[in-house]
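Protein sequence lines correspond, in order, to chains A and B. Counting from 1, one number per residue, gives the positions in the first sequence under our numbering. Counting from 1, one number per residue, gives the positions in the second sequence under our numbering.
Calculated from the structure, these hints are not laboratory results. Idealized CB from N, CA, C, for every residue including glycine. Be aware that one or more of the hints could be misleading.
[Claimed, not checked] Not the full set, but computed from the structure, chain A residues with beta-carbon under 10 angstroms of chain B: (1) 429; (2) 441; (3) 456.
Spelled out, the chains give:
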Amino acid sequence: MSTEQDKILEEVTKGEYKYGFYTDIEMDTLPKGLSEDVVREISKRKGEPEFMTEFRLEAYRNWLKMKTPEWAHLNIPEIDFQDIIYYAAPKSKPKLDSMDDVDPELKATFDKLGIPLEEQKQLAGVAVDAVMDSVSVKTTFKETLAEKGIIFCSISEAIREYPDLVKQYLGSVVPPNDNYFAALNSAVFSDGSFVYIPKGVRSPVELSTYFRINAMNTGQFERTLIVAEDDSYVSYLEGCTAPQRDENQLHAAIVEIVAMERAEVKYSTVQNWYPGDKNGKGGIYNFVTKRGLCKGDYSKISWTQVETGSAITWKYPSCVMMGDHSTGEFYSVALTNNHQQADTGTKMIHLGKNTKSLVVSKGISAGKSQNSYRGLVKVSKRAENARNFSQCDSLLLGDKCGAHTFPYLEINNNTAKVEHEATTSKIGEDQIFYCNQRGIDTEDAVGLIVNGYVKEVINKLPMEFAVEAQKLLEISLEGSVG
Amino acid sequence: MLSIKNLHAKIENKEILRGIDLKVKPGEVHAIMGPNGSGKSTLASVLAGNEMFEVNEGSVEFNGKDILEMAPEDRAREGLFLSFQYPVEIPGVSMVNFLRTSLNELRKYKGEDPLSASEFLKLMREKKNLVEIDSDLTNRSVNEGFSGGEKKKNEIFQMAMLEPKLSILDETDSGLDIDALRVVANGVNKLKRPDNATVLITHYQRLLEYIVPDFVHVLYHGRIVKTGGKELAHELEANGYDWIKKEFGDK
Numbered sequence: 001m002s003t004e005q006d007k008i009l010e011e012v013t014k015g016e017y018k019y020g021f022y023t024d025i026e027m028d029t030l031p032k033g034l035s036e037d038v039v040r041e042i043s044k045r046k047g048e049p050e051f052m053t054e055f056r057l058e059a060y061r062n063w064l065k066m067k068t069p070e071w072a073h074l075n076i077p078e079i080d081f082q083d084i085i086y087y088a089a090p091k092s093k094p095k096l097d098s099m100d101d102v103d104p105e106l107k108a109t110f111d112k113l114g115i116p117l118e119e120q121k122q123l124a125g126v127a128v129d130a131v132m133d134s135v136s137v138k139t140t141f142k143e144t145l146a147e148k149g150i151i152f153c154s155i156s157e158a159i160r161e162y163p164d165l166v167k168q169y170l171g172s173v174v175p176p177n178d179n180y181f182a183a184l185n186s187a188v189f190s191d192g193s194f195v196y197i198p199k200g201v202r203s204p205v206e207l208s209t210y211f212r213i214n215a216m217n218t219g220q221f222e223r224t225l226i227v228a229e230d231d232s233y234v235s236y237l238e239g240c241t242a243p244q245r246d247e248n249q250l251h252a253a254i255v256e257i258v259a260m261e262r263a264e265v266k267y268s269t270v271q272n273w274y275p276g277d278k279n280g281k282g283g284i285y286n287f288v289t290k291r292g293l294c295k296g297d298y299s300k301i302s303w304t305q306v307e308t309g310s311a312i313t314w315k316y317p318s319c320v321m322m323g324d325h326s327t328g329e330f331y332s333v334a335l336t337n338n339h340q341q342a343d344t345g346t347k348m349i350h351l352g353k354n355t356k357s358l359v360v361s362k363g364i365s366a367g368k369s370q371n372s373y374r375g376l377v378k379v380s381k382r383a384e385n386a387r388n389f390s391q392c393d394s395l396l397l398g399d400k401c402g403a404h405t406f407p408y409l410e411i412n413n414n415t416a417k418v419e420h421e422a423t424t425s426k427i428g429e430d431q432i433f434y435c436n437q438r439g440i441d442t443e444d445a446v447g448l449i450v451n452g453y454v455k456e457v458i459n460k461l462p463m464e465f466a467v468e469a470q471k472l473l474e475i476s477l478e479g480s481v482g
Numbered sequence: 001m002l003s004i005k006n007l008h009a010k011i012e013n014k015e016i017l018r019g020i021d022l023k024v025k026p027g028e029v030h031a032i033m034g035p036n037g038s039g040k041s042t043l044a045s046v047l048a049g050n051e052m053f054e055v056n057e058g059s060v061e062f063n064g065k066d067i068l069e070m071a072p073e074d075r076a077r078e079g080l081f082l083s084f085q086y087p088v089e090i091p092g093v094s095m096v097n098f099l100r101t102s103l104n105e106l107r108k109y110k111g112e113d114p115l116s117a118s119e120f121l122k123l124m125r126e127k128k129n130l131v132e133i134d135s136d137l138t139n140r141s142v143n144e145g146f147s148g149g150e151k152k153k154n155e156i157f158q159m160a161m162l163e164p165k166l167s168i169l170d171e172t173d174s175g176l177d178i179d180a181l182r183v184v185a186n187g188v189n190k191l192k193r194p195d196n197a198t199v200l201i202t203h204y205q206r207l208l209e210y211i212v213p214d215f216v217h218v219l220y221h222g223r224i225v226k227t228g229g230k231e232l233a234h235e236l237e238a239n240g241y242d243w244i245k246k247e248f249g250d251k
């Protein structure tokens, strides 16, 4: 029933949702547009050392020479980069004393999503531990982590407090000239997170940051850097939500991960940015470069993503397996509905010996959406005994949507073993009828079937995140069948 | 409990049911027999609300309510259960999750609170013992990788869990070996109560050696052409359907 979907969409995205996030916050913004002066001004306002200003300027100059990538199976409307505000920071943080101060309708939406109370507090702005429009307001668990020597702070703070670490690793995995959107991010990134796990330390908690695009017409350029030293472990969660806007909003983030010997990094994302309305109006453009470098031997980097949001998604979390015996993993659920377009997948680059990679991708297309998996497996000459297994499944709901799979293989070493499996299926009317006959209505039946389909990936998420992800999938699909 | 009057139904303009009349009272077991293509499975599908079929005439009352106007899930919530001839597989959805969702929907409809996980698992253990189902089956995804016999046993297990008022078993005996048949039949017999009823749809008399019907109906060309007691089934077994075809052939 589409009315039900409208209702939920409205609840999730309607005006009140902004309340307390948006209208009440006074913003410190730069005028629209991008130039060397703007880049310098961003760096200045953030009080950055000179090397950062230079880093940004070089990226900006590279960006000027580059073009938007056109190879993806996406229809990207032209973006006017001079019509975007590149710096917006809240002057004072919006702080509520308790959940009682939160708009009850907003709370009802959170309850519907099943977001745990602690996270509700974060989202609603009670003792905010979230990145809100570019400036990190506060960071969670800081003190407990500090005892173990773990650094978890905003990237701006890291640039000021730990310039040597930042200088050493920033741009080492995703160079400023890597691609068009990476160059743009490197020039203008506003804030993000920095994580440093010292040798032999296992992070006792899952590190989590919520990103929120809030102010009107502000492009969001997050930058995250995670460095895991020898024998360390960390699990990092990134969750995203954005209120409704009529105009499309650009988001171009970079996440870089470095894993040293025997280090393990798990990076999980649940992304439910505003996908636009039923007619394809509005929504976030999400152009993200995420890459992990398994630098040390026996290191492991694992990406898990559940993507239900954004009007356009262009995202390929990748692993470069440089160390011998290192492992890269990619687990993905990408759901598109209405007019959403997603071109997502991964790149697994095998450089070291005995490296292994695993790809499990589950695409779900509904409405008039287009959903593409694009994956590269590359085995270099000296990567003896590289192993890859890729499984790409597509599930179609209805007959107006599309699912596409674009696997690329570049194998330069004949000891490599690379396997690729792909399936495409439709939710059968017989499956739905079977559920109906057991008293389960069609919407719940679709939710049940879809959650069964994605279980392999959802199981990789931390518990609370998994529950939220399941609910999101159900909400995102409401009204798409029957 | 169930009252079918002059029911006509078609699929793609082909009329399959051509005026069915049937009354089922609580505590009764009815067998509907007939040659292939006579409309037996169509009747089951139409009663359960499968939208592939269009009802163009007649009425069906269940618990005094017109169910033809109800969505399939509401018919199920009213207590109508269909044991499918070909149960579908739902990969990745555990039996526990599926049945718990199902049972709690039925409870919600009746205004009852949902069962907690532990209450549910306890109930599941009881019913598993009752219908002699391997616990392995309930630890798997819905029908995924089940053999034909396992799928049918699983239908009976679901019936035991959901305690329907009216169970329609669509060719539940077809393709079963003798052991599976016995399990299915025992399950049905154990679940029989004065306040529920069963409609067995079958081609063969074999199942009726284990489940004794109160009435046997012969369906032919979309109509019930003959009704009798259990001896009618023996007659059909002995003489086949040819005499029915002769007697009630196209007029």
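Now the hints, each set against the structure:
1. 429: 8 angstroms, holds
2. 441: 5 angstroms, holds
3. 456: Because about 7 angstroms separates residue 456/A from the closest Cβ in chain B, which is inside the 10 angstroms limit, the hint holds.
When held up to the earlier numbered hints, the structure conflicts with none and fits them all.
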